[in-house]
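Construct all of the structure, not just a fragment, from the sequences and the given hints.
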Amino acid sequence: MKKAKGFWLFLIVSIIVYGTVQFLISAGILNSFYSNTLIFIGINIILAVSLHLVIGITGQFSIGHAGFLAVGAYISAIFTMKLHLPFPVAILVGGIVAALAGLIVGIPSLRLKGDYLAIATLGFAEIIRIVFLNIDYVGGAAGMQVSHLTTWTYTFVCLFITILVIMNFTNSRHGRACISVRENEIAADAMGINTTFYKVIAFALGSFFAGIAGGLYSHNFYIILPTNFGFLKSFDILIFVVLGGLGSLSGAVISAILLTLVSTFLQDYPETRMILYSLVLIIVMLYRPQGLMGTREITDFFGKWKSAKGGN
Amino acid sequence: MEWVQQLINGISLGSIYGLIALGYTMVYGIIKLINFAHGDVFMIGAFVGFYAITGWGLGFFPALLLAMTVCAILGVLIERIAYKRLRNATRIAALITAIGVSLLIEYGVIYVRGAQPEAYPNVLPNKSFEFFGAQISSQSLLILSVSIVLMLILQFIVHKTKIGKAMRAVSHDMDAARLMGINVDNTISATFAIGSAMAGAAGVIFGVYYTKIEPLMGIIPGLKAFVAAVLGGIGIIPGAMVGGLVLGVVETIVSALGFSLWRDAAAFIILILILLFRPSGIFGKNAREKV
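The listed protein sequences derive, respectively, from chains A and B.
According to my numbering, the first sequence holds residues 1209 to 1520 in order.
According to my numbering, the second sequence holds residues 31 to 321 in order.
Accuracy of the hints is not assured; some may be wrong.
[As the list claims (entries may be wrong)] Interface residues of chain A toward chain B, partial, derived using beta-carbon atoms under 8 Å:
(1) Phe1269
(2) Gly1322
(3) Ile1335
(4) Glu1479
(5) Tyr1485
(6) Ile1490
Derived by calculation from the structure, the hints in this document are not laboratory data.
For every residue, glycine included, the Cβ atom is placed at its ideal position computed from N, Cα and C.
This is the structure:
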């Protein structure tokens, strides 16, 4: 009952946000710079939320998320540019192939823990990037021309679905199993939870949405280069999640919005941007290692009328 | 005969990886932290050597010593400022701080001096002579001997001196070492100083050998040196050296076979295979997990 209410609220808020922005764009009040920034924010939120599922909910420290972004970007670009299929199909296929890549990477490497897992995912992401660098069909180092197809509508629909799926997954039985893996893997194992299964599922789901973001990303930039998907990109996504608070979906969303805005306005000063980024990262880790929101969600701050209704 | 040549190139490259890997392996052995900033200490070493040679007209060995000193101080500063308070924090917090420090050093250097590369001056006499039909330059011999001497010094420090004994004790059991009256903080700082000095030396050697340096040059050798450390068994000092040499030789062979674009992938494939089949590395012992 309560959950259904939350869903309708979420739906109404998103329709209002979508309608307002779409109205402003079609009325010409927002110029193409702002609408591009909004699309970019949407893509970054999808990336942040998909990595949040892997790191924040399941506690598996992956720092190779840009690899799956690259898979989605290249596969969807091949489907639109070489096979001339419609854009929504290309996005979906990009996501599915990225999820398969996530399975291939995840099944062997999720046996590792902590630092070793981090390094293995970084290695896999680099291998994916080098593979694309060496395939002449997709342009190799010179990159691949992609037409501009991403619109605010596509971005918002993908964003809506991503957040809805990940929110519902987290609140489901499977999501609670993932959280128990994060809290204590051995205890979860002892309680009869198939930890490997849940780790791989979370990893593949995260890769799927990273692939979706990849499809939007490649059709927003006219050209994709293998160098766009190096580990600096992985670190960018990681920073969204860590800064927002490991385990907080709304934290990941908020930090993705803030950091994208900051880096858009600092894009003429890339060094300053990176210095600021790294200083913020170090200072947050030293003085608030749980991130801005910790594991709380933004709805927890409206807790008074929530707790008045009983429940948890 | 070309193979002998490639082997020698591989060993020269591998000894540079080995020198960087020593710092990774020592730091990981003592505080279980992947010091991502280590590759950037290597870069700083290369630049200090460059400015010492071109700006002050120093020779190779004084520049090497200067770079090692500066890097040792930098390593201790990084440890004291960024890592010390994270000693009891989660692994993720420590790793992300290390990434942050690494980005800060890279882009700090770009901010100060720009991103343009520099050409390293030629400071060593370059004669080459025949050896089983292969051309060996005196430069690569000198580089190899410098690396070997540095490693012997390191072995001596770790196994024969008091501070080395303290390091081994702290890496074995930090709490027990503290109870025995060892100053753990100073020992960890000393580890960072020695490891960073090795990376600084590797930076100067890299500059002399490859003649081109730039502010982002530390990323890829840093990652590969980490691969070398894992390959040899992380925390084991001779392992880092052997891992570095193996990695250097493999990379050179991959390039020589005509797959030079796949060279970087080779290192990561080795890493993943090692992690999957023998995570404790060539020289490591299997540690059983305790609950």
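Hints, verified against the model:
Because the closest C-beta pair between Phe1269 of chain A and chain B is about 6 Å apart, less than 8 Å, the hint holds. About 5 Å separates the beta-carbon of Gly1322 of chain A from the nearest beta-carbon of chain B, less than 8 Å, and the hint is met. At about 5 Å, the closest approach between the beta carbon of Ile1335 of chain A and any beta carbon in chain B falls short of 8 Å, and the interface hint on this residue holds. The criterion of a C-beta within 8 Å of any C-beta in chain B is met by Glu1479 of chain A, whose closest approach is roughly 4 Å, and the hint holds.
Proximity of Tyr1485 of chain A to chain B holds as hinted, the smallest CB-CB distance being about 7 Å (cut-off 8 Å). The beta carbon of Ile1490 of chain A comes within 4 Å of a beta carbon in chain B, closer than 8 Å, and the hint placing it at the interface holds.
When each numbered hint is compared with the structure, no violation occurs for any of them.
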